[in-house]
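These are the residues of each chain, in order.
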Amino acid sequence: MAKIVAGVFTSHVPAIGAALDNGKTAEPYWQRVFGGYEKSKEWIEKVKPDVCIVVFNDHATAFSVDIVPTFALGCAEEFIPADEGWGPRPVPVVKGHPELAAHIAQSVILDEFDLTVVNKMEVDHGLTVPLSLMFGQPAEWPCKIIPLAVNVVLFPPPTGNRCYNLGKAIRRAVESYPEDLRVAIFGTGGMSHQISGPRAGLINSEFDRAFLDALATDPKKAVGIKHVEYMREAGAEGIEMVMWLVARGALDEEVNEVYRFYTVPASNTAVGHLILENKVA
Amino acid sequence: MEKPEKEYADIPGTTIFDADQSRKGYGVNMFCMSLLKADNRAAFKANEAEYLKAFNLTPDQTEAVLKRQWNRMLELGGNIYFTSKLGATDGLSFQQVAAMMTGATQQEYADMMLAGGRSVEGNRRKSEWEHKNG
Numbered sequence: 001m002a003k004i005v006a007g008v009f010t011s012h013v014p015a016i017g018a019a020l021d022n023g024k025t026a027e028p029y030w031q032r033v034f035g036g037y038e039k040s041k042e043w044i045e046k047v048k049p050d051v052c053i054v055v056f057n058d059h060a061t062a063f064s065v066d067i068v069p070t071f072a073l074g075c076a077e078e079f080i081p082a083d084e085g086w087g088p089r090p091v092p093v094v095k096g097h098p099e100l101a102a103h104i105a106q107s108v109i110l111d112e113f114d115l116t117v118v119n120k121m122e123v124d125h126g127l128t129v130p131l132s133l134m135f136g137q138p139a140e141w142p143c144k145i146i147p148l149a150v151n152v153v154l155f156p157p158p159t160g161n162r163c164y165n166l167g168k169a170i171r172r173a174v175e176s177y178p179e180d181l182r183v184a185i186f187g188t189g190g191m192s193h194q195i196s197g198p199r200a201g202l203i204n205s206e207f208d209r210a211f212l213d214a215l216a217t218d219p220k221k222a223v224g225i226k227h228v229e230y231m232r233e234a235g236a237e238g239i240e241m242v243m244w245l246v247a248r249g250a251l252d253e254e255v256n257e258v259y260r261f262y263t264v265p266a267s268n269t270a271v272g273h274l275i276l277e278n279k280v281a
Numbered sequence: 001m002e003k004p005e006k007e008y009a010d011i012p013g014t015t016i017f018d019a020d021q022s023r024k025g026y027g028v029n030m031f032c033m034s035l036l037k038a039d040n041r042a043a044f045k046a047n048e049a050e051y052l053k054a055f056n057l058t059p060d061q062t063e064a065v066l067k068r069q070w071n072r073m074l075e076l077g078g079n080i081y082f083t084s085k086l087g088a089t090d091g092l093s094f095q096q097v098a099a100m101m102t103g104a105t106q107q108e109y110a111d112m113m114l115a116g117g118r119s120v121e122g123n124r125r126k127s128e129w130e131h132k133n134g
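Protein sequence lines correspond, in order, to chains W and V. Last residue of the first sequence: 281 (the numbering used here), numbering continuous. Last residue of the second sequence: 134 (the numbering used here), numbering continuous.
Quick caveat, the hints were computed from the structure, so don't treat them as lab data. Accuracy of the hints is not assured; some may be wrong.
Here are the computed lysine-lysine pairs in the BS3-like style, where the Cα-Cα straight-line distance is at most 27 Å [to be verified]:
no., chain 1, residue 1, chain 2, residue 2
1, W, Lys41, W, Lys95
2, W, Lys41, W, Lys279
3, V, Lys126, W, Lys226
4, W, Lys95, V, Lys6
5, W, Lys95, W, Lys168
6, W, Lys221, V, Lys6
7, V, Lys37, W, Lys120
8, W, Lys95, W, Lys39
9, V, Lys37, W, Lys226
10, W, Lys168, W, Lys46
11, W, Lys3, W, Lys220
12, V, Lys3, W, Lys226
13, W, Lys24, W, Lys39
14, V, Lys24, W, Lys226
15, W, Lys279, W, Lys46
16, V, Lys6, W, Lys220
Just chain W, same shape as in the assembly (with noise of 0.2 Å):
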């Protein structure tokens, strides 16, 4: 049987993949992000996940205004690293798992979660820096991958709760799927930021510690927060934090913190990652 072994939170700033790329992470301002990744690298390495599920919203990259799905689930044999306007960042191809991502898509859907399965997609930073800042710059990427794109960039995404709930709707999709795989969640996005308009740069480290606070120890807190209460107190782009909520329902409702990790800035963007695993019964 597979199982979901742990969850993954990061942010997913476009300029953490750019300073990557271009062999800037001596820099002292780049060192003080990547040295916070550190751990986690080891700490992956050692889990060696099968598969990781990656809940990343497109920003305007496989998806324009034509269509916009509130949940996409990416089950291809594989998906580019896209062109973003600055040229496609120089990292392996992603291989997916089309064989447990159907069966999730399935599973969700007669769960009562209506996804949309995309077949074929490029995926953008959102997806690929969280895969650098988790595991360097490989040949190939060492694990599986499924994309579950979510809308945040036309309001309203997703509420915090349907993405919870969701969560766990997948996380009862993977339990029965009879292969015996190890699965991590990611949940990336945020924290605090806004990149659009006069009050751009706003950062607010107390909603997001707190919000990290309530993730590793009362989730249902953070579930509540309202999409207006992002979109003021952590910027109007900080609302991609609902994301990290999709990765939490697919873990127990207590779980151990195993690391964490938080600095202003990375570019416009405030830096939280998180690493927390379900208890052993």
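Model the placement of chain V on the given structure of chain W, informed by the hints.
Just chain V, lined up with the frame of chain W:
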């Protein structure tokens, strides 16, 4: 029945990209989306006004794009994840575009970020900005 005020309408310095904005800005965003292809970036660079004709922009939207009025593009229905592709075409990073929208120089903006970013205090509601400016 009158349309109720949007609950996020009183967040200052912010245009939330909702269905109304999306409808208004369809052409702006699809133009920006076209810039994901290198050939299109080259064609746009070669003759910006001519290239824009294919996207049915309003005169205001056309002017905002040609003059790189980043905030006005958002007000006229653009979304930052789309307009940033125009920034990329100009060789600008997200942070450079963000700095322009705040009216700061890039150095001032980068310094503000390094010092912890723009505080949420005084930046939650439009009434706080009116107070600041008046």
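Each hint, compared with the structure:
| no. | hint | in the structure |
| --- | --- | --- |
| 1 | Lys41/W with Lys95/W | 20 Å, holds |
| 2 | Lys41/W with Lys279/W | 21 Å, holds |
| 3 | Lys126/V with Lys226/W | 19 Å, holds |
| 4 | Lys95/W with Lys6/V | 42 Å, violated |
| 5 | Lys95/W with Lys168/W | 24 Å, holds |
| 6 | Lys221/W with Lys6/V | 24 Å, holds |
| 7 | Lys37/V with Lys120/W | 18 Å, holds |
| 8 | Lys95/W with Lys39/W | 25 Å, holds |
| 9 | Lys37/V with Lys226/W | 37 Å, violated |
| 10 | Lys168/W with Lys46/W | 25 Å, holds |
| 11 | Lys3/W with Lys220/W | 23 Å, holds |
| 12 | Lys3/V with Lys226/W | 21 Å, holds |
| 13 | Lys24/W with Lys39/W | 20 Å, holds |
| 14 | Lys24/V with Lys226/W | 26 Å, holds |
| 15 | Lys279/W with Lys46/W | 17 Å, holds |
| 16 | Lys6/V with Lys220/W | 26 Å, holds |
Taken one by one, the earlier hints fail for this structure at numbers 4 and 9, listed in ascending order.
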